[in-house]
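K.L.:
Here is what each chain is made of, one letter per residue.
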Amino acid sequence: MTRAIAIGGSAGSYKLIVQIISALKAPFEMPLFVCLHRLRTARTGFAETLRIKSHVKIVEPADKEIIRLNYVYVAPANYHMLISRDGLINLSVEEEICHSRPSIDITFASASEVYKERMMAVILSGANDDGTNGMRRVKENGGITIAQNPKECDVSVMPLSCIQNNCITRIESTGEIIKSIQNFILSK
Amino acid sequence: MITEWINKLDLLPEDITREIVHEIEIKLGIDLGRINDFVLRRRLKLALDKSGTSYSGNSVCIDSRLAAHIVSDCLPDITEVFRDIETWLFIRKLILSNPEQADILIPMATKGEELYSLLILLNELSAVNRFHISVTYPSYISLENITQGILFSPRSRFSFVNFKQICPECDFPKYFLSDNQAIKFRKEFITGINFRKDFKSGNTGQIYDIILCRNKTLALKEPYSTGFFKAVSDVLKPEGYLFIGTHEQLTGEISAKYKPVSKQNGIFKKIAQ
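Protein sequences, first through last, are from chains B and Y.
Be aware that the first sequence starts at 0, since it is given in numbering that gives the first Met the number 0, and climbs by one per residue.
Be aware that the second sequence starts at 0, since it is given in numbering that gives the first Met the number 0, and climbs by one per residue.
Simulated from the structure, these hints should not be mistaken for laboratory data.
Any given hint could be a false lead.
Said to hold, decoys possible - Capping the alpha-carbon separation at 16 Å, the derived lysine to aspartate or glutamate pairs in EDC-like fashion look like this: (1) Y/K173 to Y/E238; (2) Y/K269 to Y/E238; (3) B/K138 to B/E116; (4) Y/K186 to Y/D208; (5) Y/K220 to B/D85; (6) Y/K7 to B/D128; (7) Y/K196 to Y/D30; (8) B/K138 to Y/D9; (9) Y/K220 to Y/D30; (10) Y/K220 to B/E139; (11) B/K115 to B/E139; (12) Y/K186 to Y/E238.
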């Protein structure tokens with residue numbers, strides 16, 4: 000049965016996302032979904048920049064794109080990215096959630112409906128509480144939820160909100176998060 | 000508070016969802032089962048919460064007005080004025096370069112933002128009389144909201160930012176007013192629009208020069224999404240322009256009918272037969 004990893008972040012998370020993705024080696028036998036808040040007008044360049052230091056396929060999906068193993072999917076600017084039961088990525092222009100589109104909550108919650116306990120979700124540095132409700136859903140469905148240690152975040156609001164709302168199974172440093180992702184990939 | 004309402008992620012149970020979908024199909028002839036499951040269950044829950052409708056067991060009581068509200072709430076639409084600036088810059092160029100009369104269709108509108116953007120642009124370019132706009136809507140609640148000038152995200156700073164990019168010389172209050180702390184599009188600009196329930200050519204015989212159907216298929220499952228593009232394509236004139244969302248795709252036999260003008264911005268021109 001397929002598993003998945005989802006990562007969400009906002010202000011101060013970009014460098015860590017680059018570190019995580021550059022540590023990935025194919026095949027990792029699952030999709031990885033990245034939902035990062037960013038300028039809605041910056042429609043190109045983000046996935047391209049991530050690709051520079053990466054050994055894996057990184058795509059900004061079109062609507063109804065088939066989910067493939069060993070791909071990293073980056074939520075496009077100004078669209079919510081949802082994961083569907085039929086194995087497709089769906090995009091949405093629904094209202095902003097926590098003033099954010101893409102919304103980490105939407106990506107995490109929809110992925111959790113599909114992957115249930117076979118999912119790991121990671122919340123990184125960020126300046127609002129988007130991601131908290133999605134993390135809660137992942138945890139309720141039996142998935143692993145990790146927050147970046149707020150002490151090492153550039154902006155700690157996002158992981159702190161998840162921690163304070165009891166949505167987190169582990170609090171980890173950057174190095175530990177990379178290791179946990181690798182362990183999740185290696186575990187069956 | 001609308002922000003608190005919209006932030007909720009709760010999904011309606013599947014059995015109640017099925018029952019509501021069935022009820023709405025009977026009452027309004029609209030099949031909400033075409034919508035992506037997650038989107039449908041979440042938006043149904045939001046719609047029931049917003050209307051204060053309670054449900055217990057597997058039953059929920061829905062009258063025709065609530066059904067119309069639900070349809071309008073469940074079909075997401077663009078919630079920002081002048082979304083995707085590059086697309087609107089192209090539309091501006093198209094309007095300026097077209098001295099003839101032209102027919103524009105905005106199909107399946109549940110919110111007014113796309114229409115208001117077009118009306119602002121036509122007014123600013125003094126082109127209102129050259130373009131005939133038709134808007135189709137899935138339920139009369141959508142029609143009410145659109146004709147009342149209601150902005151679905153009235154506090155969206157992006158509507159204002161986008162507006163200033165497209166109309167740098169124009170003041171926001173020319174087109175928008177503050178009404179009971181909500182910002183609304185001025186109703187006096189919503190004139191001469193042909194509002195209809197259905198756009199299919201078999202019903203009206205009308206075909207269009209430009210169709211703005213951006214992001215309409217995102218919430219739809221296949222094959223309904225492809226079916227929608229096919230129906231829209233049938234009412235577009237040869238050499239007419241089709242605008243779809245920047246991350247939507249034309250596939251199969253429909254894509255063969257179009258030449259991309261700007262694939263990145265979802266702009267296509269129908270090939271002459």
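K.L.:
Work down the list of hints and note, for each, if the structure agrees.
P.N.:
Tested hints:
1. Restraint check for Y/K173 and Y/E238: not satisfied, since their Cα atoms lie roughly 34 Å apart, outside the 16 Å limit.
2. At roughly 5 Å between alpha-carbon atoms, Y/K269 and Y/E238 fall within 16 Å of each other, so this suggested pair holds.
3. Note on B/K138 and B/E116: the hinted pairing holds, with a Cα-Cα distance of about 8 Å set against a maximum of 16 Å.
4. Taking the CA atoms of Y/K186 and Y/D208, the gap is near 26 Å; set against the 16 Å cutoff, the hint is violated.
5. For the hint linking Y/K220 to B/D85, the alpha-carbon distance of about 10 Å falls within 16 Å, and the restraint holds.
6. This hinted pair checks out: Y/K7 and B/D128 have alpha carbons roughly 13 Å apart, not beyond 16 Å.
7. Between Y/K196 and Y/D30, the direct Cα distance comes to roughly 15 Å. Compliance with the 16 Å bound is thereby established for this hinted pair.
8. For the hint linking B/K138 to Y/D9, the alpha-carbon distance of about 15 Å falls within 16 Å, and the restraint holds.
9. At most 16 Å may separate the alpha-carbon atoms for a hinted pair to count; Y/K220 and Y/D30 meet this at roughly 12 Å.
10. For a cut-off of 16 Å, the pair hint linking Y/K220 to B/E139 is broken: about 27 Å separates their Cα positions.
11. With a C-alpha separation of about 9 Å, the suggested pairing of B/K115 with B/E139 holds against the 16 Å cut-off.
12. Our distance criterion of 16 Å between C-alpha atoms is broken by Y/K186 and Y/E238, whose separation comes to about 33 Å.
The structure does not agree with the numbered hints 1, 4, 10, 12 stated previously, though it agrees with the rest.
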